[in-house]
Amino acid sequence: MKTDKNITKDQNIQDINKQLEDLAARVKKAVGEIKETSIETNTRVEEINSEVDKTIGEIDGICSDLDKADKEAEDGLDSLILKQAEELVTE
Amino acid sequence: MTSEKIPSTKKPEAPSSAVETAEASYSSEIVEKVENSFSPENKGFFNRISEGAKEMAHSAYEGLYKIPGVNKVVGKMEIAYNQFWIDKNEEKKAGLRDKLNGFDRKTSALDKSKSDAEDLMRRMKIEDKNIPTGSLLLKLKEWDKQKADLLNKRDAVQTKFEARENKVKLFTNERDRIADKLIGHYNEKLGPLEKNLSDLNTSRDELELTFAVAEMRHRDKTVELDKLDKEKTRLEGLLRETGMSDRQIKDFESVKYMDESIASGREEIRLEKELLAKKEREIEIKIAKAEEKANPFRDKKNEFIRVKDSRPIDMGVKPREKVEEHEDREKINIHERHKGINKDEAKDVVPKVGGLAQWVSQGAVQFEKPMRIVDITPDPVSGEMYVFFEGSNVGVRLSEVESAERGDEVEEAEKKLEELDKDKEKLSTLDYIIKWNDFLKGKYKKEALAEIVEPKDFLKATRLSGDYKLEFADFKKLMFKYLKYKKISSREKFTRDINGFEKSIGVQE
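Listed in order, the protein sequences are those of chains L and B.
Each residue of the first sequence is one higher than the last, beginning at 1 in this note's numbering.
Each residue of the second sequence is one higher than the last, beginning at 92 in this note's numbering.
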């Protein structure tokens, strides 16, 4: 037969156990929110990353186009300078 | 054949004596670089031109390959726009002009002689002097022939002169056409390039905002996990008080679950922080590289215009606004928490039913705040006194309980402080936005319209819920990054406004 003290002890343990279970539920919620935040943040970061890649792709395209224009201008100027040098020297 | 040296088109980056010395010792390496820089077509033409022209070309290009870092297309444009070519053409034209003048003088002299002879013949005819004029007529014919020859020669020189003039025109026209075409191309492409660079900046700002929110949420969750962990420890302590061993306590399902979950939560935060920091670096590097690649093109257009105008130009354009460097991490104000109960004040007072007390085990305070005592009773077996607190069935040894009776004032003060702290530090995100908008409306009246923050947009950008509690320092940081991302307010203006706002809502950090 249980003594009063043991009954009190059991009740105490049950009470603490209840509190622990409540606490575990709060922990579960908190950890869930952490994971949710991680997923949400990573998704957004990946979206921004994709936007950045797309923009950089466009910048690369423009730069390559301008490089081509530079080269074309360089060739035109070279041709002009060489012809001019030849004309000035031969006449 | 003498080599014609084109004056250096480069800015005086090196002392002239050094340049002269370098010019004197013509480096074959530079010659090779010059020739290799030509397109196959130009290289073929270069191989066919005279040695003198080759030397002139080498001389023209020399500076371009001697000084590192000179932009080739700008340098070549500078060469083409060098006054040297015009001057040399003018020299050639001057020689032809002298020849033409010589012809003109000679024809004038012939005309004069012819006119004088004709005059003489006319007078002789009037005076009826029977002097034979046959030889004079022959001379006149000879002069006519000489004049015709001179005029023919003059025409040939005139043709050369005109051709030279046309060549100068053709050269300058072709040079301008190339430059204009290039500038036009740049004008067409720089707009989209600027837009893309601006988009990158916006992405960077959005990224900063996202990271700031993540950082704040990580911190909040870390604090929450710490609190939960502390609460768990307290409950474990209570179990220990009932006589349970540590091993028995660890066997509790909920304890096991919490140990694992809290650890995994902390690990998740740690890994996430690492991942985000890595991602942030990667994206920053990508953006920086793209900017580095694009920036020379922004500068080149102005260089072309400067060269074309053959004078330094003041574009009247403000220096490119360097993206303001942000502090990597803004200070997070950690509000100092109040201390626990002043034990010196509390320990001399005997705990009593109805009074407030704290459970102190092995020197550590077990309750978050003092609890009210509902019973003090002896253990039926040992006779040792146990204290029971409100809301708990657990008995605590009286020897481990310290009264907070005299600490009532402390507790009240603490409560007030805590309430005050909460009020001051933690408002919901939505409350902050509403108060911020009210503050702006009060300060700027109608002009505030452009700066009013749309709550929905703020919440969407930060992905926070309207009732998410924020400390003022977090609100300040997030609002700054949000406004920067939305390009609404400058840093200076924001600093002025946020300080005023801080005072207006009574926050004292």
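Just so you know, the hints here were simulated from the structure itself, not pulled from any lab data.
Just so you know, not all the hints are guaranteed correct.
Taking lysine-lysine pairs in the PhoX-like style, the calculated list, with each CA pair at most 20 Å apart, reads [to be verified]: (1) 18(L) / 321(B); (2) 364(B) / 347(B); (3) 68(L) / 280(B); (4) 399(B) / 377(B); (5) 54(L) / 370(B); (6) 184(B) / 83(L); (7) 134(B) / 68(L); (8) 232(B) / 83(L); (9) 460(B) / 536(B); (10) 54(L) / 238(B); (11) 28(L) / 238(B); (12) 341(B) / 321(B); (13) 384(B) / 54(L); (14) 258(B) / 399(B); (15) 28(L) / 347(B); (16) 312(B) / 560(B); (17) 163(B) / 71(L); (18) 347(B) / 321(B); (19) 280(B) / 29(L); (20) 377(B) / 54(L); (21) 35(L) / 364(B); (22) 380(B) / 391(B); (23) 230(B) / 184(B); (24) 380(B) / 54(L); (25) 197(B) / 236(B); (26) 183(B) / 258(B); (27) 9(L) / 537(B); (28) 286(B) / 370(B); (29) 347(B) / 29(L); (30) 184(B) / 280(B); (31) 203(B) / 232(B); (32) 392(B) / 71(L); (33) 18(L) / 537(B); (34) 318(B) / 35(L); (35) 197(B) / 163(B); (36) 184(B) / 260(B).
Item to check | Hinted pair residue 197(B) and residue 163(B), Cα distance within 20 Å | outcome: Given that 20 Å is the threshold and the Cα spacing comes to 51 Å, the pair is violated.
Checklist entry - Within a Cα-Cα threshold of 20 Å, do residue 184(B) and residue 260(B) meet the stated pairing? => result It holds: about 13 Å lies between the C-alpha atoms, which stays within 20 Å.
Item to check | Given hint residue 54(L) paired with residue 384(B) - CA-CA distance at most 20 Å | outcome: Between residue 384(B) and residue 54(L) the Cα gap is close to 16 Å, so the pair holds against 20 Å.
Checklist entry - If you draw a straight line from the CA of residue 184(B) to the CA of residue 83(L), is it 20 Å or shorter? => result Measuring from Cα to Cα gives roughly 18 Å; hence the hint holds.
Checklist entry - Within 20 Å, alpha carbon to alpha carbon, are residue 134(B) and residue 68(L)? => result 19 Å, holds
Item to check | Pairwise hint evaluation, residue 71(L) against residue 392(B), where the allowed Cα distance is 20 Å at most | outcome: With Cα atoms ~15 Å apart, residue 392(B) and residue 71(L) stay inside 20 Å; holds.
Item to check | Pair hint outcome, residue 68(L) versus residue 280(B) [Cα-Cα no greater than 20 Å] | outcome: 12 Å, holds
Item to check | Pair hint residue 197(B) and residue 236(B), alpha-carbon separation not exceeding 20 Å | outcome: 13 Å, holds
Checklist entry - Are residue 318(B) and residue 35(L) close enough, with their CA atoms no more than 20 Å apart? => result 18 Å, holds
Next on the checklist: Hinted pair, alpha-carbon criterion (20 Å max): residue 18(L), residue 321(B). Please report holds or violated.
Outcome noted: 17 Å, holds
Next on the checklist: So if I understand the rule, the pair passes when the alpha-carbon distance is 20 Å or less; does residue 28(L) with residue 238(B) pass?
Outcome noted: 115 Å, violated
Item to check | Proposed proximity, residue 29(L) with residue 280(B) (alpha carbon, max 20 Å) | outcome: Judged against 20 Å, a Cα distance of about 52 Å means the pair is violated.
Of the numbered hints given earlier, the model fails hints 2, 4, 8, 9, 10, 11, 19, 23, 27, 28, 30, 33, 35; all others are met.
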